[in-house]
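Asks: Chain by chain, the residues:
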Amino acid sequence: MHIDMKQPILAKNDSLAAQLRARFAENHVFVLDILASPGSGKTSTILATIDALRDEFNIAVIEGDIASSVDAEKIKAQGIPAVQINTGGACHLESAMIKRAIDVLDLERLDLIIIENVGNLVCPTDFDLGENAKVMILSVPEGDDKPLKYPGVFQIAEAVILNKVDTMPVFNFNNEAFVESVTRLNPQAPIFPISATTGQGVEEWTNWLADQIRKA
Amino acid sequence: MHELGIMTGVVDSVKAAALEAGATRLLKVSLSVGEMTEAVDTALQFAFEALTDDDPFTKGAQLEVKMIRPCSRCLECGAEYEHDRFSMFCPECDGFVTELIAGREMQIDSIEVDLPEE
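Line order of the protein sequences matches chains G and S.
In terms of my numbering, the first sequence opens at residue 1 and continues consecutively.
In terms of my numbering, the second sequence opens at residue 1 and continues consecutively.
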């Protein structure tokens with residue numbers, strides 16, 4: 001016998017994500033999901049972002065890693081609430097993990113939650129976490145060809161950050177080729193060249209983010 | 001790598017639907033998967049086999065994955081066009097304000113089951 005199902009495969013994750021999205025909206029919290037490779041400077045970019053926006057917005061961070069609480073400790077050292085999720089091997093965050101993490105956050109007084117997803121350019125793109133925007137970070141040492149190798153993550157991003165631009169002379173990074181392939185994949189996404197550690201370009205990125213938070 | 005997690009959800013859902021219909025065996029599962037997702041046919045097949053192999057109810061069931069070509073609508077000139085994973089531009093007017101209308105789906109379409117003989 002043939003049985004029609006017509007059911008989304010990630011129905012469970014998607015419906016929980018929708019519930020989270022409603023809860024975030026109710027509490028006027030903007031949620032940003034950051035996707036990038038290990039070592040691309042996610043945590044440094046988050047720290048630079050916190051630095052620029054903490055006077056205007058109340059911020060908290062959810063750190064997703066396979067193991068350890070190294071990242072959450074770095075955020076907490078700045079006086080910002082941070083929740084560490086250890087996925088125990090899983091390559092991406094799912095909405096059920098976010099639901100547990102926000103139980104320990106005071107949503108009512110927050111304006112911005114930054115989720116640092118597991119370092120991975122593939123799997124996290126398929127999972128809705130109830131966020132307002134996914135943003136991806138590529139760092140210069142990874143190479144200008146990454147949009148051609150990992151198109152999905154560049155496509156799903158609302159904005160693309162190119163980090164470690166201060167190292168461009170050393171790494172023979174073809175910026176023109178990079179911008180062209182990102183633009184073909186995702187013509188509407190702005191690209192922010194930054195160096196999270198020197199502060200170069202960070203203002204343009206955080207101005208854009210602040211606009212998104214105010215608009216939401 | 002996340003195909004195993006995805007497929008665990010599929011197998012749970014189809015088993016529940018088959019049992020609810022009073023089936024004695026699961027024969028086939030049909031999925032639609034957009035080419036813009038990160039789910040890969042061969043990895044889905046491997047995960048499906050691994051997850052169905054040790055249960056007599058599901059052992060030997062077939063998995064059919066229909067890959068869906070990406071399709072977008074241009075919000076400037078209204079053209080609808082198929083494209084590959086890499087280029088979203090409108091081929092008619094070169095517009096870049098476009099909306100993806102197909103290619104990101106992941107759906108369980110249907111299943112085939114054995115029912116007990118009357």
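In short, the hints are calculated from the structure, not lab data.
Where hints are given, some of them may not hold.
[To be verified] Pairwise CB distance ranges (calculated):
#1 ASP114/S <-> ALA25/G: 43 to 49 Å
#2 GLY88/G <-> ALA43/S: 44 to 50 Å
#3 GLU56/G <-> GLY78/S: 23 to 29 Å
[Unchecked claim] DSS-like mimics (lysine-lysine), calculated; alpha carbons at most 30 Å apart, straight line:
#4 LYS146/G <-> LYS6/G
#5 LYS146/G <-> LYS74/G
#6 LYS12/G <-> LYS99/G
#7 LYS6/G <-> LYS66/S
#8 LYS59/S <-> LYS28/S
#9 LYS59/S <-> LYS15/S
#10 LYS28/S <-> LYS66/S
#11 LYS149/G <-> LYS76/G
#12 LYS12/G <-> LYS59/S
#13 LYS66/S <-> LYS215/G
#14 LYS76/G <-> LYS59/S
#15 LYS15/S <-> LYS28/S
#16 LYS15/S <-> LYS66/S
#17 LYS15/S <-> LYS99/G
#18 LYS28/S <-> LYS146/G
#19 LYS76/G <-> LYS215/G
#20 LYS15/S <-> LYS146/G
#21 LYS6/G <-> LYS59/S
#22 LYS28/S <-> LYS12/G
#23 LYS66/S <-> LYS149/G
#24 LYS59/S <-> LYS74/G
Just so it is clear, CB atoms sit at the ideal spot from N, CA and C, and this is done for glycine as well.
Asks: Would the hint linking LYS146/G and LYS74/G be met if the CA-CA limit is 30 Å?
Replies: Between LYS146/G and LYS74/G the Cα gap is close to 28 Å, so the pair holds against 30 Å.
Asks: Hey, LYS66/S versus LYS215/G, does the alpha-carbon distance stay inside 30 Å?
Replies: Answer violated: LYS66/S to LYS215/G is near 39 Å, above 30 Å.
Asks: Are the Cα positions of LYS59/S and LYS74/G separated by 30 Å at most?
Replies: 49 Å, violated
Asks: Are the Cα positions of LYS146/G and LYS6/G separated by 30 Å at most?
Replies: Since the Cα atoms of LYS146/G and LYS6/G sit roughly 34 Å apart, the hinted pair is violated (cutoff 30 Å).
Asks: Quick one, are LYS59/S and LYS28/S close enough, alpha carbons at most 30 Å?
Replies: 10 Å, holds
Asks: Given a hint of 23 to 29 Å, does the C-beta separation of GLU56/G and GLY78/S actually sit inside it?
Replies: 40 Å, violated
Asks: Holds or violated: LYS28/S and LYS146/G, Cα atoms, limit 30 Å.
Replies: Since the Cα atoms of LYS28/S and LYS146/G sit roughly 37 Å apart, the hinted pair is violated (cutoff 30 Å).
Asks: Below or equal to 30 Å on CA atoms is what counts here, so check LYS66/S against LYS149/G.
Replies: 23 Å, holds
Asks: Measuring from beta carbon to beta carbon, are ASP114/S and ALA25/G in 43 to 49 Å?
Replies: Holds, at about 46 Å.
Asks: Within 30 Å, alpha carbon to alpha carbon, are LYS15/S and LYS146/G?
Replies: Roughly 39 Å between the alpha carbons, so the hint for LYS15/S and LYS146/G is violated.
Asks: Are GLY88/G and ALA43/S spaced within 44 to 50 Å by their CB atoms?
Replies: 21 Å, violated
Asks: Would the pair LYS6/G and LYS66/S pass a check requiring their Cα atoms to be no farther apart than 30 Å?
Replies: Holds, at roughly 13 Å.
The structure shown violates the earlier hints numbered 2, 3, 4, 11, 13, 14, 18, 20, 24.
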